[in-house]
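Residue numbers (my numbering), protein chains in the order written: chain L, 1 to 290; chain P, 291 to 609; chain G, 610 to 998.
FYI, nobody ran anything at the bench for these hints, they're computed from the structure.
Label pairs and their in silico Cβ distance ranges:
id	chain 1	residue 1	chain 2	residue 2	range
1	G	Asp936	P	Phe587	54 to 62 Å
2	G	Lys766	P	Leu365	41 to 49 Å
3	P	Thr373	G	Gly671	53 to 61 Å
4	G	Arg983	P	Asp444	51 to 59 Å
5	P	His366	G	Arg979	50 to 58 Å
6	L	Gly59	G	Gly796	48 to 56 Å
7	G	Leu800	P	Ile568	47 to 55 Å
Yeah, the Cβ is synthetic: ideal placement off N, Cα and C, and Gly gets one too.
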Amino acid sequence: MYSLIASILIDGIAYGLVLFMVSVGLTVTLGLMRFVNLAHGTFAMIGGYAAATAITALGLPYGLALICAALAAGAIAYGLEIALIRRLYHRPELDQVLLTIGLVFMGIALSGMMFGNSLVPVRLPEFLRGATDLGFRQVPTQRFVPLVMGLATLIGIWLLFERTRFGIRLRATVDNPRAAGELGINTRRIYAAAFAIGAALAGLGGVAGAELLPVEPYYPLKYLVLFLAVVAVGGPGNMLGSFVAALLLGIVETAGKYLAPDFATIALYALMLLVLSWRPEGLFRRTSKT
Amino acid sequence: MTNLHRSIGAAAVIPLAAVALALIFPNQQAFLAQIAITALVVLSLDLVVGFAGLATLGHAAMYGAGAYGAALYALHVWAEPLTGLIVGGLAGATIAFLSALMLMRAHGLTFLMMTVAITQILYEIVNKSRAVTGGDDGLYGIVMQPLLGVFEFDFYGRLAFWYAAVVLWLVFLLLRHIVASPFGLTARAVRDDGDRVATLGGNIFGHRVALYTLSGAIAGLAGALSAQTVQVVGLHSLSVTFSADILVMLVMGGAGRLWGGLLGALVFMMIHHYAAEIDPVRWMLFVGAILVVIVLFLPKGLFGGLEALVNRLRGRAPA
Amino acid sequence: MTTKRLLAATLVAALTILPALAETVKVGVVGPFSGPFSGSFGEPFRQGIETYVAMNGQPADGIEVEFIYRDLQSPDPGRARALAQELVARDGVQYLAGFVFTPNAIAAAGISAQAKIPTVIFNASASTVVSQSPYYVRTSNTLPQVSVPTAQNALDKGYKTVVTAVSDYGPGVDAETSFVKAFTEGGGEVLESIRMPLSTTDFGPYLQSIQLKKPDALFVFLPYGPPTFSFVNAYRDNGLDDAGIAFVGTSETQEVDLQSLGVAAIGLETGYFYSAAHESAENDAFKAKLAELYPDAEPNPATVSAFDGTHALYEMIRATGGEADPDGAIAAIAGASWESPRGPISIDAETRDIVQNVYIRVVEQEENGRLVNREIKTYEAQPDYGAAQ
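Looking at chain L on its own, in the form it has when it is part of the complex (with noise of 0.2 Å):
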């Protein structure tokens, strides 16, 4: 009975760090700056078949692939941001989910034929391959890497939004763009800057969940649901709501998995669908204005 629960609780924590990992992107473009990204899918995307390439091609190493990929889909994004996604923040919510569709179809048929079609692997070092012995069971070892990455992104995170500079002048941004333009704040700048930001962490999302969510070109469509829900029950622009929530959605599910395998999905939406009747801002609702 205890080690069901430990079970549970560790493949539980273990899937919600991934889930983490490919959405705390989103928490900043969709919930911070209220842009509605359904293209976060293709900078992960993007970050995966970057450390891949990276891996296989130039033969660099695991965490030096990492960093291309946030690099690359940071890069592709704050690009983006200057000649397309900038002009939509004051257009309706409607207009930004057709912008990002287009891209998400656009991404598809590009990587579809730089990659192909098939999904590509990304190679893992001998290190992180293979079980790891917790004495009751065995765990995979790869699944660290989402734990330290996922924890190293939420202190990284707070840290840069609550006590730089950067962080205070996006808040001020975001919650009020004119006061923050009179104050001198090149809010144009922050605004690509907070873009990119984001879709360097869906890249790097993309690389730590490669081994669940494995990287191809449908990659951004197929899981697209996982990220929102994440964001949406956390509260949109709750970087720890977002934490909680995919964490509460981890479990949840591979509880289902362990004692209703048949139902382990009807079990994760319906736990959605009663979080946001409770709670409709979400778990956490987004610290402004303070």
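Please build the complex by placing chains P and G on the supplied structure of chain L, with the hints as guidance.
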């Protein structure tokens, strides 16, 4: 031009367009029927997205309910099409009404994700009820009786197209009436400033539930049309993917205008069909680029762009 | 003036000569040439067809075959029917081919039956598909066809207890049902049957709870691509192989995924109808031509299904001299048998479904580092066991 003339003129657009399409594409009746059915479901989506201001990725729940409802009715009760159509509409309305009780206090991303959750749960239930629904293999073996006891469903889809086009036309006329009625005006008032309507004593929740149920009924009709004319119902009809497709069509055409939904469905289906015909492998690149271009250059969608064009031409050469 | 005349003369000449040169038979191919299934089906279909054409030229003197490709990304019966109708009515195809998903194949069956269009199914695997139209022929497989011999092999290997884990969709349920039936009839015991939602990404919990049941073996069926990749990795990473729970699979190690699976796949045993490592002159010739045309392509079961499907089309076109004679065409292919790259195959005269060998294979790594499905045992001339059920 008087108002009467204008509304008669507008009412004739759909029949004229249907005749034109049938003449231009004589050998693609089944595809035209798909367009008419899709236009009907996009029209119903516009009630929720355009007139209530709620973006949803769960409209397939009602469309699928109508499709499965009509299919099961045809297989087990009576294969008569018109009563089947009513059954489909009722199935869509029922699902919409039940979910509206849960949904209509939410908005924004929360509303969107709740509609996704409801659709996914329905999808899983239908997938698991293989004995009744055929699960992932689909529900098939539907053979409809002649329409009105006279017209046989031909395999080229001629009847399918005219049947769907007439239903689309009638629903469109009905919706035009509703949109201009006090009910429709209230809908827009709620969308634009819900608090004010509430202060004035309006029952926002009840109003939204009614609107959502109406939309569900129409989506159910579209699902029933699909079941009867395709003769197979698959899980696709209950999927988030389908919901996303019709949302893209609506926004592309211009949400909040009935004509926008119709135009969006027609243009998107045509572009998709012919782009995929020219290049079955890379068509998504082209369609994606078109979506981006529309967002950038036609902020009010295709219909808004068309209107602006017409106004400019009129302005230059007043009749 | 003179150029115009010359042009006109050439045009007239071309118009009179062309029909005499060749009669064109059109074949409409419907499949996922874009979208999530293009890598595992759409591309292999096209490669199989074009490899066959490159190896065999035209079916007969004076008959040219034109393939018209139409994209159908996912199960969408309405679009399937519309595409089939349009191909027949507007494009004038004499034959249809392709179809990956069962609902699509069933939706097109109405067109095939009523317009009398002989159609070769390249994949759609539910047993009932071929019976939906008297003009349907199948060159792929059904799940009972491969699962029953796989169950037989599990019994022969002495496995007494099994847990089955399949993806919760049509083919998964077919695989589970036929495996459980064959395994229990042979005296084995099925401890539990798990149906995993198609959208599952984390298979760890399923594998952990299977491990607690301590079966001798785990029977698996998952769709190609991402689910297979995640599942096989999870099987290794959760230590099921160390715990002595044998992997009994079907299509999981198919060639399109095999190299991506990497070392995790080594030693996995599966029962399926085609291995790229099959040793025969036909397979060597097929692989050589495929590699010549598409250097990056993997010879895959779907490629061979389309390759053999094209053979079936050629047989029908040849038998009818390129004329529209649907009943003659079907009569020519029903009961036919030939040597395919996968081994000897035939089309059952009654059911128009394929009869073929099912091979038990084990994944090995060759010296150059590439993984292959090495055939170790053959169950000959297997029918669709699902049709009898």
